[in-house]
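Protein sequences appear in the order of chains A and B.
If you read the first sequence in my numbering, its first letter stands for residue 1, the second for the next number, and so on.
If you read the second sequence in my numbering, its first letter stands for residue 1, the second for the next number, and so on.
Source of the hints: derived by calculation from the structure; they are not laboratory data.
One or more of the hints may lead you astray.
The list cannot tell twin chains apart, which means a pair is met if one copy fits it or any two copies do.
SDA-like cross-link-like pairs, simulated, lysine to any residue; straight-line CA separation at most 25 Å [what the hints assert, rightly or not]:
hint, residue 1, residue 2
1, Lys152, Asp120
2, Lys152, Gly48
3, Lys152, Gly50
4, Lys152, Asp5
5, Lys152, Ala45
6, Lys152, Val4
7, Lys152, Thr90
8, Lys152, Leu79
9, Lys152, Glu44
10, Lys152, Pro30
11, Lys152, Met116
12, Lys152, Thr119
13, Lys152, Phe97
14, Lys152, Gly107
15, Lys152, Asp112
16, Lys152, Ile78
17, Lys152, Leu95
18, Lys152, Arg17
19, Lys152, Glu122
There are 2 protein chains.
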Amino acid sequence: MNSVDQAIEANRAYADRFDMADAPSRPNKPLVVLTCIDARLHPEAFLGLGVGDAHVVRNAGGRASDDALRSIVISAQILGTRECMVIHHTDCGMLTFTNEAAREMLGPAATDVDFMPITDVEESTREDVATIRANPLMPDDLAVSGWVYDVKTGRLSSVV
Amino acid sequence: MNSVDQAIEANRAYADRFDMADAPSRPNKPLVVLTCIDARLHPEAFLGLGVGDAHVVRNAGGRASDDALRSIVISAQILGTRECMVIHHTDCGMLTFTNEAAREMLGPAATDVDFMPITDVEESTREDVATIRANPLMPDDLAVSGWVYDVKTGRLSSVV
Numbered sequence: 001m002n003s004v005d006q007a008i009e010a011n012r013a014y015a016d017r018f019d020m021a022d023a024p025s026r027p028n029k030p031l032v033v034l035t036c037i038d039a040r041l042h043p044e045a046f047l048g049l050g051v052g053d054a055h056v057v058r059n060a061g062g063r064a065s066d067d068a069l070r071s072i073v074i075s076a077q078i079l080g081t082r083e084c085m086v087i088h089h090t091d092c093g094m095l096t097f098t099n100e101a102a103r104e105m106l107g108p109a110a111t112d113v114d115f116m117p118i119t120d121v122e123e124s125t126r127e128d129v130a131t132i133r134a135n136p137l138m139p140d141d142l143a144v145s146g147w148v149y150d151v152k153t154g155r156l157s158s159v160v
Numbered sequence: 001m002n003s004v005d006q007a008i009e010a011n012r013a014y015a016d017r018f019d020m021a022d023a024p025s026r027p028n029k030p031l032v033v034l035t036c037i038d039a040r041l042h043p044e045a046f047l048g049l050g051v052g053d054a055h056v057v058r059n060a061g062g063r064a065s066d067d068a069l070r071s072i073v074i075s076a077q078i079l080g081t082r083e084c085m086v087i088h089h090t091d092c093g094m095l096t097f098t099n100e101a102a103r104e105m106l107g108p109a110a111t112d113v114d115f116m117p118i119t120d121v122e123e124s125t126r127e128d129v130a131t132i133r134a135n136p137l138m139p140d141d142l143a144v145s146g147w148v149y150d151v152k153t154g155r156l157s158s159v160v
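With the rest of the complex left out, here is chain A:
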């Protein structure tokens, strides 16, 4: 059985016991989280979020890419969130390569891609918080904070 088949089998069991049909489309909490795709990060679990509680945006690194900004603007301006947590993490895969290495590995089609690698997770967290704060599409009262998640301990540390 491949991983998709396993996931679909698990979903049947989830749906059989699902009882959150009334969760509203606007989040219960005014919270949007930006974090990495890393398989060790289960943000709803490590932040204590229930079904319907908060938006979660995820990309490689948890970077404030143009697309993450699009998602956060929609979250804040259309769906009312006002607190944004940027969460990078220890042992991130984005620390393990450079744009040059990725482009060499992937060939000509990758020439113009910025893979957004990271050299220091506290620095990247600070950068991405600054990018979101400076974006003119965000509401003026959006509170943006930066955190690092430790994959060895499950604990968040404040960065900014």
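Starting from the structure of chain A, add chain B where the hints point.
Just chain B now, with coordinates in the frame of chain A:
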């Protein structure tokens, strides 16, 4: 107490009982999921994924944006995933506005932004699966499938 303070308090309890220090940085399963930021979607829960099991990419709509493609390429080419599930969902916030409406609401700074709204979630799922399949940076043997998650039942339906 604001939502961030509540999340940090919940994280302390999570870290106190955390026992996944040995989860590897490469996912246990060769699976990468692309889905929406919606607060009602807990993909690890509805797919039965444990800590360390699979990458999860999330943006507004679960769209195959350039940044989602960046994340999936890194997941597949650098971290070895070979199955990709694109999961859109019923009652998506992206069904509720147009680019024109969002630009009018947000003013001149939004003029050039494509918010990637959706008019039909099965159609958008098919489109985004096709975009990932056609991307020259993906491995040839990446299996991409498309699904719709029903927020009223917790159940996934196959689209493509």
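Hints breached by this structure: Hints 14, 15 not satisfied by this model.
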